[in-house]
Each structure stands twice: as C-alpha cells, then as structure tokens.
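Enquirer: Residue numbers (this note's numbering), protein chains in the order written: chain A, 1 to 398; chain B, 1 to 398; chain C, 1 to 398; chain D, 1 to 398.
Do not take every clue at face value.
Identical chains share a label here; the pair holds if one copy fits it or two copies do between them.
Calculated pairs, BS3-like style, for lysine-lysine (alpha carbon to alpha carbon, straight line, at most 25 angstroms) [as the list claims (entries may be wrong)]:
hint	residue 1	residue 2
1	K51	K14
2	K14	K326
3	K326	K10
4	K10	K244
5	K232	K244
6	K34	K390
7	K278	K46
8	K278	K390
9	K232	K14
10	K244	K34
Hint data in this document are derived by calculation from the structure and do not stem from the laboratory. Computed from a prediction, not measured in an experiment: that's the story for all the values here.
4 protein chains.
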Amino acid sequence: MNLAVSDRLKLILKQIEDFVTHEILPLESEFAQKPFKELLPTLAEKRAKVKALGFWGPQIPQELGGMGLALVEHAYVSEALGRSPLGHYVFGCQAPDAGNIEVLHQFGTKAQQEEWLIPLARGDMRSCFAMTEVDTAGSNPTLLRASAVKDGEHYILNGRKWYTTGADGSRFAIAMMVTNSEAHPAMRASMFIVPTDTPGFRILRNISIMGDAGSDYASHAEVVFENCRIPKENLIGREGQGFKIAQERLGPGRIHHCMRWLGISARAFEMLCQRANKRQIHGDGATLADSEITQLYTAELAAELHGARLMTLSAAWAIEHLGMSKARDEVAMIKFVVANTMNRIIDRALQIHGGLGMSDDTILSSWFRHERAARIYDGADEVHKLSLGKRILRDYRR
Amino acid sequence: MNLAVSDRLKLILKQIEDFVTHEILPLESEFAQKPFKELLPTLAEKRAKVKALGFWGPQIPQELGGMGLALVEHAYVSEALGRSPLGHYVFGCQAPDAGNIEVLHQFGTKAQQEEWLIPLARGDMRSCFAMTEVDTAGSNPTLLRASAVKDGEHYILNGRKWYTTGADGSRFAIAMMVTNSEAHPAMRASMFIVPTDTPGFRILRNISIMGDAGSDYASHAEVVFENCRIPKENLIGREGQGFKIAQERLGPGRIHHCMRWLGISARAFEMLCQRANKRQIHGDGATLADSEITQLYTAELAAELHGARLMTLSAAWAIEHLGMSKARDEVAMIKFVVANTMNRIIDRALQIHGGLGMSDDTILSSWFRHERAARIYDGADEVHKLSLGKRILRDYRR
Amino acid sequence: MNLAVSDRLKLILKQIEDFVTHEILPLESEFAQKPFKELLPTLAEKRAKVKALGFWGPQIPQELGGMGLALVEHAYVSEALGRSPLGHYVFGCQAPDAGNIEVLHQFGTKAQQEEWLIPLARGDMRSCFAMTEVDTAGSNPTLLRASAVKDGEHYILNGRKWYTTGADGSRFAIAMMVTNSEAHPAMRASMFIVPTDTPGFRILRNISIMGDAGSDYASHAEVVFENCRIPKENLIGREGQGFKIAQERLGPGRIHHCMRWLGISARAFEMLCQRANKRQIHGDGATLADSEITQLYTAELAAELHGARLMTLSAAWAIEHLGMSKARDEVAMIKFVVANTMNRIIDRALQIHGGLGMSDDTILSSWFRHERAARIYDGADEVHKLSLGKRILRDYRR
Amino acid sequence: MNLAVSDRLKLILKQIEDFVTHEILPLESEFAQKPFKELLPTLAEKRAKVKALGFWGPQIPQELGGMGLALVEHAYVSEALGRSPLGHYVFGCQAPDAGNIEVLHQFGTKAQQEEWLIPLARGDMRSCFAMTEVDTAGSNPTLLRASAVKDGEHYILNGRKWYTTGADGSRFAIAMMVTNSEAHPAMRASMFIVPTDTPGFRILRNISIMGDAGSDYASHAEVVFENCRIPKENLIGREGQGFKIAQERLGPGRIHHCMRWLGISARAFEMLCQRANKRQIHGDGATLADSEITQLYTAELAAELHGARLMTLSAAWAIEHLGMSKARDEVAMIKFVVANTMNRIIDRALQIHGGLGMSDDTILSSWFRHERAARIYDGADEVHKLSLGKRILRDYRR
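Given these sequences and hints, build the entire structure.
Expert: So, in structure tokens, the structure goes:
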C-alpha cells in the first residue's frame, strides 16, 4: 500500500492550497451572509480561473475535460478543497454532480452522454439526485415507493422525494423509481434522467434546514413527480439496475464525502489552535493554549484526525487497487469514523471559540449546523456499523 | 433532603403542563418560521391567560405579583415550561429578566424598585444584562474593560459588550462596568441601570448566531456605550459590589438554566421515543423502536436524564436549605452535567429523526443549534470543572 | 421523596464509619496477601464486636437479630461498609447470604427457617446460591439445564453450576433447578436447599478468576450435582416458583450491590484525591493535584458519583414506598450506571497512582480486577439496557 | 509513504503466524497456571526451533545474529508475535532486552559489546533496565534521585528503583543514575552496566502486581543499590548522556510496545468474534453475534483497530525514513491511541465472554490485568497528550 504523494502531485497540491487560501477563503463571509444565488457570478469567475490553471474537475476523466487524478491523489486534493465550503464547487467536483458524472460515464448511452454528461462535466449545467423518500429508511430498498410505469415510448413517473440536493437551479435530475415492484428487492428500481423542465416535475420547497432554506446549489429540495412523462431513452442502464448503479455510485460517493470532511476537520482544527493562542484567559497574557485542558483535547483530536486521514487514504488505495467490493469494509469504517471525527473537531473548535463560535463571525457555526448531517446521509452511522459488524462476525461463524 | 412534590404542587403542575401542551406547543411552527417580533401579540394574549390562571411568575415573590414558589417547586414547574422554547417567556420567568428581578429585589433602592422592578416583574417591560465582553474570558474579572467614571451627579459609561440577550426591545439594561480599576479584582466593577434610550447607548447589531440574527427577545446583541451619561442613582448597591451581586445572580441563574434544560431534554427524549416508534425500517412494519441500538441509547439517555434531574433537584434543595455558598459544588456540577446531557439527548433525538431532524419541520434542529451555547454561557464546562476539581482536591491536601 | 438522614441514623453512621476506619481498613493488606481462610479468626473477633455494638445485620429483620433498617437507611450504611472489601462480611450483610436470608424469610417453611435461616442470620453458618450455568445466558430462563426430578420423598438433582460464590465453606446451597421442563419458561424451575455435605454435591474447583482461585468466602466455585438426593421438604415455596422467587431476590440484590459499589467508589475517589496531592510532578513541589487534567477528571467523576448516589437512594426509596415492580426501571438504571461509574473511578484512581496503582500495595488493583465483574453479574449492562430501553419505548407506541 | 508488505515478508509472516498458532498458543494455559520459571525449559526448546527456522531476533541486526528487519517489516512480525504473551520472548525480541540491545549496539564500547551485547542478542542471558523510581514522576528528569559517584577507577551506586522488569534472572541491569546533580536537567544522569551479582545490588522483592508477584522474566522488581561498586568502564557513553540515550531508547521502545499491543488487540478481537458466535442467548440458537449491540461494538472496535494499525505503520515508516525526531509526534500519538484501543478491545472481549472472561480459562483476564499498565509505563497517557498538545499549539503561536 503506497500512500505517498508524488513530486508532481506535491506541486499541484501547493498551487491548489494557495488558490483556496487566496481566492476562495476570502469569500467565506459573503457565503455566510448572502443567498448562494448572489455568489454565482463571482464563483463563475473563480471557476474560469481554475480551468485556466488546468485544475478543473480533479476526479473527472481527462477525456471529459478533467484532471483524471487517481483516487489517492484526489484524496489529497479534496482535503485541500474541503477547507472552504466553496472549494469543491469552484473546482467542479461537488456532490451530487460528481456522482452523476460517474453514473453517466459508466452507464450512460452515447446519446445520454452527449446531451447530459459532457455539459455537466464542463460545469455548464448542474444536476441533482432524487432518491431519498420522506418517512422511510433510505437504507432499505424494499421501502421505496416512487414509481415509473412504462407507457409505450415513455415512462410515467409519480412520487415524492426529498433531500434532493441542489434541485433548485439544476438542469436535470437522476431519479430512482420503482419499475418492478414484485421483483427481488435489489432489482425493483431503475434510474432515470429527468429534465427539470419536464411537466409534472416540481420543486415543492427548498427544505428549511437548520434555520435556512438556502438557494440554488446550497439547498436541499422536496420534489414531486406528478404524471411526469419522460422518453424511455432516459432510462439509465437497464430496468431493475437502479440499486446496482446506486451501489457503484454511493461507494465512491462516500469516500468523496470523507475526503471533503478531512478538509473541514483540518481547517477547524487549525482554527482551534489559532484561537487558543489568541484567547487571553489571564491578565498575564496566558492564553487558552497554555491550558492543559486545551493541550489534552488538541492532542486527542490531532491523533483522531491523523487516524481518520490514514484510514481514508487506505480506503482510497483499496478501491483503486482491489476494487470497490474488497474495499467495502474500509469504506463503511471511514463513513462513520471520519464523520464523527469531523463533528468532534468542529464541536471542540466551537467550544474554544466560545461566544464567537456560536456566532456567524466564523465559518464554524455553519459547519456545526450543516455537517451534522454527515452522520445521517449516505447511510446513518448505525446502518454502516450494523452491516459492517454483521459481515465481520459472520466470518467467524463456524 | 425532601424532594417530594406536594399535593398542592401536583395540581398546579398538571394545569401548567396542560397549558403548555395546548396553548404553547402549537405555536412552535410559527416560532420556527417567523421573526419573534411577529409573535408578540399572540404571546401577550397567552401571558394574560397565565395571569388569569394565577400562574404568572412562578419564581417571582408574591409581593411582586408572582407565585413565590420555593426553588425545588420551581424546578418542577420550570421543567414543564422548558418543553417549549416559549414556555418561560409566557409565564414571565425568562432569563435575563428573572435574574434582573432578583438583583433589583435584593439590592435595588426603593426608587429603583418602583421605577424598574415593579413593571419588570409584571411583564410590562423587558430588560437585558450587559456583562460579557468580546475577546476576553468572562470568567476572569480582571479582564473586564468597559468602564463607568463618576462625573458629579452622573456616571459616564464607555465600552462594548456582546451577548446582551434580548437588548432589542428592552426598556433598560443592567450593565457591569469597571469603576475602580485599581481595586482588588473582585472589587473592580459595579452594576448600573441603563435605560436603553439613554444617548450613547446603542445596539450595534443583533449578532447573527447559528445563521440567524433573531429579533426582540429572541436575539443577542452587541451593544456599545459611548459617553453614555446616567444619573448616579442608577448605581445598584455600592461601588465595587458588581461581582458580588453577579455571584448572587449567577448562582441561581445557573440552576434556572438547568431546570429549563431538563424540560428541553424531557421533550426531546419523548420525541426520540415517538419517532422511533413511527419510523419503519423493514417492510414487515418493524420500526426503529425495535432496533436494539435504539433501545440501548434510549436506556442510557433515560438514565442520564433521571440522574440529571435528581442532581438538579438536590442542588435546588441545597440552595434553599443550606444557602448558595454550601450549594456551590452542586451548582457547578449541574451546570456542566445537565448541559451535556441535554446536548446528547438532542443529538440522539436528531439522529433518530434522520433527515427530518436536520429540517425545521421539528423543533429539534433549533435546539441543536441554539442550546449548544449551554456548554459555553454562564461559565464554560471547562471553567466549572476546573474550579470544582480544584476545590475538591484542595480538601485532601494535608 | 424524602432521602434525608435522620438524626438517629447520623449517629449510627458515624459509629459505623469509625469502626470501618479503625477496625476494618487496617486488615486490608492482610486481605491482599493472605488466603481468606487465614483471616477467619480475626474476622470472627470483629463480628463479635459488631454484635456487641448492636450493628449486626443492618438489613436483617429485628426478629432475626438484625438492625432492621429501612432500605434508604441501609443504603447509607452499606456505602460506609463498602469502603472495605471486608465491611459487609464483618457486619453480616454480605452477598449471597443476604439474599438467601431474604428468600428463606419470605418463602421458607417454619422448619426450613429454624434449621437454616436462624443460624444463617446469626452468622453461624454461610450459604451459597447456585444458579448460573456454564455456556448459557443466565438472563434467559429457557436455557437453564440443571434439573431436579421427584422420586418419592426425594428430589434427585443433576447438573453443573458455576460462579457459585462462597460455596467453599458453605453449610448449604440454594440451587435453582429445572423441575417442569415443559412448562411456561417462567415456570420451569424451582429452588432447593441443598446441604453441602449431601452425597452427590461436589465443588469441582474454585474458579481461578483474574489470577486467583481464592478460598472460603472469597471464592467462586464450579459445583456439580450428581444424583444428589435431597428430601422433598427442601423445596422452597412451590414447584415452578423458582424464577418468581429469584426475581424477588435479585431486584433487592441488585440495589445491595449498588450500595456497596458506592462505598468502593467513594473510597477510590478519596484515594485518587489523596494520591494526587502527594505525587510530585515538578521540582517546585507541584503535585498532580495542581494539574488541570487531574482537576478536570476529578470534577467529572465527583459529579458522576454524586449522580449515582442520588439515583441509588431514589431507587431505594421507590422500592420501599412504591414496591419492587414500580421501582423496576430505576433498579435497571442503577445496575448499569453505578457499576460503570465505579469502574471509571477505580480506573482513574489507578491511573493517578501510576505504577503504585498496578501493584498490590494499595487495594485499587484488587478492585480493578474483581469489580470488573459488576458489569456482568446479575444481568450484564447490555441485558439491563435492552430490557429498560424496550419498556420505555413501548410506552410511546400508539 | 509505502506501507506495503513485500512478497518476501509475506512468506515469512505466514510461517511466523503458523509457528505462533501451533507452537506458542498451546502454551497459554500453562502460562496462566504455572510460575514462569517452570516454563523456561519448554521455552528454550521453542527458541531453538525459532533459531533453526532463521527467525530469531526479527529486529536484531544481522551482524548480531538477528533478521535485521526494517521497522515497518518488524511491525507486521511483532503484531503476529503479540497474539501470545510468550511470542516476543520466544523470538528474542522481548522488552527490555530489545531496548538494551539497541543501547549497547549504538553506544557500547567494543569491550561492553563483547561481554554483554553478543550473549544478550543470542538469548544466552537476560538483562533489565533500572530507571523508574518510587514516588517521583519518571517523566520528569529533575526528580531522579539514585546516584553514582566516581571513586577512582569505580563508580559507587546508591538508590532504589522499581518496575525493573525481569530483574529476577537477569545477568545484568542497565541503570540510570544521577552523576552530575548540578548540571542542566537533561544532563544530570548517566547509564551504567551493573552485573546483578555485584555486591550491593539486591532485588528487594518482585512487586506483587494485580495479585501476582510473578517470577523470572514475568516479574517486575524493586531493586536497591547500596554502595554498589562497579568499574568505571561500565559507564555507557559519556557522563551526563543518560537521558539522551534514554530518548533514543524509549522512542523506538514505545513503537515496539505499540506493535505488540496490536497483536494483543487483534487476538482479543478475534476471541470476541468467536465467542459471540458461540454464546447462545435464545433457545432458537441465536447467539450474541446476532445481537445488534454486538454488531455495533464489533464495527466500532474493528475501525479503531484498523486506524491504530495504520497509525503504527505510518509512525514506523516515519522513524525509518524521516528519523526519530521528525516522527516524535506520531510516536506520541500511537503511544496513547494504541494503548487505549487495546484496553477497550480487551474490555469488550471480556464483556462478551461474561463470567468466562473473568476467569483464567482464557487469556483475556490476564491481559485485562496486566495490559492496563500500557496507559502508564513509558509515559502515561496524560504525559504524552500534554507534550504533544503543547508542541502542536506552539506551532500556531504568532
């Protein structure tokens, strides 16, 4: 297992880190105060700069205009980008588009790729992913209810989804719908491309989350399909392949989240250390950094972060060299380990900031609110722990 | 130590719980969606009903128009009110007015009481408390910088404060200002009544906290004093008594917070149990309540909550029967124990709600954000743990 | 709920604490170094002194020669005794005899009481309790295998049990055996008095536990019943009542353990504080007590211990005033809360003692080893958490 | 950073694992029941077999007769050996001899090497390391008191040490003594070779630890130096170099412990999984492995163990390729991370084993007792956390 950073990557990383520091971090206070929509022009400029530098789409295959980095390489880049909530968007590797690009690249027909994949990979349009349904556990495929019924040359879609990230402003959705309700649970559903201007597709609301409904990319919608009629050519892969494709999509999707979370964790950890050195607690100039309690927690979190990073790199290496199915246990582990490590680091950084941490004068309060979801989406902690624990224990059954 | 609920209190409690359930909880979605200012007329009606029922000001002395409950009794009532973020406000026992009432009742001159205490206790005006300063540790009195300088018949106040809760809409502030900078650290400051319409007093901003600046009572301001001139009769107690009064104010203030947090905890725990019973995880109708993991966490949190409640009641009993100074260790304990128990229960309730918990469709996300501050204000966890630990260890020094 | 210590009890407590300090604690190093058997003469002397003082059998009914304390009172006494591993034995309230006394007092025939109960309560003999079987979960009554078959005027017992505490040196065992294998799970078993000199009853071994097989009262045996024939008059209660009696026995048994664990916790906590004040860490005389980390953990553990004590007292009050079945949830809570709190306090006290804590120069290492079992016996943590969690969640099912 | 296992190492590892499984694990019950001394002949046979296979001294330089593995390679081998408490001894890489070999190899004179190093590396004698003193913090060099005073051609040693592992049966000790009490704290002490048959050197006792004083290699002595006169040629390196040598010795020593702990952890984890699959909890054959709680903890511990292993390998790589001083933070991290992970895994494995886990019928209870010390020796958790936290925070000071 070789986790080394090549000299070539070192150079790239340095430039990307500088870009994040000088071009993206300064946007943070605007991000905190304005609707995302209003940042779009500025972000478009930044994206143009990134393209000019040759860093667009670190994980996107070169034939689609990206850098085509290997997964371990992307882990390092993604951590650098994750230091800002805008990093991945500016570099064209944001979820859920990154996952949709992979799906269309791997499973899309040539026609689908030309119409949807190419402009998506270029950043000329955005997309969303409609899978999660209200009131049923996303982890259980048998509970899915939204459906697509074939009607001649079309499918007619009906149902409701929520937590469809970035639906607001998307050009199309990839939707998971039941097509074969009587089939084996793993074969019940299929994936479809649904242009968002299709009659019958409607955004009910941007869900108000942690006090804010957001807008455009920074939003999560509840969407409804009401006799939404799409051409049968919009089926991705074959009927019944929906969950299979989702598995291929979510596995790497999870590690992409982990990589980004490492960036958040690293930045929050830095903020913790910086603030501790600044915050006076005694008249003699002693700061929180001089307090043993701060030192204790700093050491513990540094070790946690170091471990989480190694585990993520190791999982990336395993996906790349052994394949997704052999990497499954490692991916399950990092999904819950990195999410929880990030949440603990944010929490401690906030605590060290005191009242300032509660305020929106730093990015911490935004992370505290929104990154709490990391322990829920793409499989809650408990779901991953149970399935991992079961698999491990089964190996010892005689 | 008698923690029993008298029969008389049982009757009262039952009525108060019903009132909270039927009159206050239904306001929760409005509270989540509208500025607090817009709720004021409705809340005024509810307050009138509470007065008509004889439940106004549970902790306010009877001579000031309250119920005059003993502290252990108030603990039970306060938990009932804490189930809604509006409960204490509607019953006239919200912070920081409750603390200000105590200060004026105990230390105010007759003139001060007539002008400020009586209308405050009646709920005819609101007040705020300006103590915390930006960038210095509130726990260390030697770091306080805002000052009041005597000038004939007046004091001239200068400085900046933040986290002045509810300044927006307050009729007056009680402000802690350095009057004797060369004195012993504990004798450097004094408390003043500052009418908010005094020239030189200004609300710089309602601080944006966890994504929301709030308004009126539901806000925390940054305020500035610029050559703010007040009559010398507005001094509370004597010069240099500021910290002494603050101690008298903050001790009970802390237990009042704990009582309210128990209400939040109890309600969040209920929501956890209800949601677990509703959330299907299998096609056969099995719910999250059938999962051993849910059962495990439920049991652990139930025990934590039970312990936290007993500790709070015990501390209330100690304050009442042994006095604040002998109850000091118990108050320090509950400050961090109850805050952390509440935070863990909210976190777990949110996790059980999944995506719904992240959304503003329930009150949980609001509590997740705003009650995080419980581990910071009125002495951060670490501050209380250190001072308590020191006191305990000192007793074993030979 | 009145948890007060009466003036009468205060006087008693003071004397008992003094007795423990001056008469029992000095035996600790002998206890650590010698087989228990060799301590018996000294312990007999101490018991005689206790009887002379009128403190024998704090929980034993007065008609049997004990003090007949109420349960809340006994909680205070038991904590005082728990400070030494010999306290309960010296005062005649040690498990499993205490439980056996209750069983015979409540369910024994007059003949059984005369032959076994009276000398047992007096401390003239010891007894053991044979219930747990190797390899099956004690928490599940359907898995019990040892059996008693009626044969005319006798029962013939066959089977194997382990963790039969103090079998070595006991005059009789109370044994739980399957008599009605086809009955409802809760009605399958019965309890019998088995004199240890009955042919066919045999101690296979004192189990080596944590490096030591122990002897006499300080041992846990594996015992075997091989065609062990006892008169049918030795049945306790009626056939099939075994589990019912066990429930009556184990509920109070659990709280007795908790009370004792509080004593261990209190003593270990004291040792922590004393050692922290003694252990130099700097040349300037600073000790571990001056370290913020020590202060932090001390405060956290003090709060845990205070909470655990209140919960135990509250459960005792509930058993006394509301009955065992209404106190069931509280008893489940303290079983796991107090056991874990004790384990954490012992662990931290050991850590503060460093190498000394690992050695047998203090009592801590013995507690670290042997009190680990508290999270296992009489229902493992997980068993109590699951059943408690289930009961709570069921109440919210609609 | 390349953590890969070469094909050559894979072959070796496989053979070593088989050897441990078939030749060493079967000795475990003897190890639990007999004094170590009685195992010596059997162990000598095993050592001979290991030598014959060419696996003697995996970490010992080839010129001294060992395998001369690189540190990352040794990490893998050491984990394999750690599965048995006898593994390292049988392969000749046990502490403290391994550290003493490094010291003599790096700092010994040619004469010292011939007399002591060569037979030590061959396993023909054993040695011990006398550094820790009673009652003072080993982490603070200014508190050391035992002294060596030059007297012509000799040094005269006086003082007392404890936790001198394996002194019983050792041919010589390496002792850390104050030679220059007035010097800079880091320059006060020197290291000496003290043959154990030197008059004035005496083993006061094998300390009774966790109930057992042990013997021979499996013991930790309190030793005394009373006018113990040794030739001046027995000084290692130069006067005042003691702490410098200790640093060189303890850094790698710590990672050697971590590697061994990984082996213990891996084995305890396996035992957990095996027992969970065997332990019936329901009549229908369901086992603890079917319980969600078991699955939850299994997953969490698997992730912890995986993280701890990666961190240890990464630290080994860093020591090898960047040098000890650049690896310092990583070594500090693994010292507390791996020790705590091991302790948690042992604790959970014991819990899964229930009563069996408390007994000496498995190796778990021995590990539970003796490996608790891992959080104390070679720098307690708190010591490493504080120094690491300080270093990290200092980097952010402006």
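Enquirer: All hints, please: hold or fail.
Expert: Verification of the supplied hints:
1. K51 with K14: For K51 and K14, the Cα distance is within 25 angstroms only inside one copy (17 angstroms; across copies 50 angstroms).
2. K14 with K326: Answer is between: at 21 angstroms across copies they meet the 25 angstroms cutoff, but 32 angstroms inside does not.
3. K326 with K10: Between copies only: 19 angstroms across, 29 angstroms inside.
4. K10 with K244: Classified as neither: same-chain Cα gap 36 angstroms, cross-chain 35 angstroms, threshold 25 angstroms.
5. K232 with K244: within (19 angstroms within a copy, 67 angstroms between copies)
6. K34 with K390: Intra 46 angstroms, inter 38 angstroms, cutoff 25 angstroms: neither.
7. K278 with K46: Cα proximity of K278 and K46: none, with 32 angstroms in one copy and 46 angstroms across.
8. K278 with K390: between (47 angstroms within a copy, 15 angstroms between copies)
9. K232 with K14: Intra 47 angstroms, inter 55 angstroms, cutoff 25 angstroms: neither.
10. K244 with K34: The answer is neither: 39 angstroms in one copy and 44 angstroms across copies each exceed 25 angstroms.
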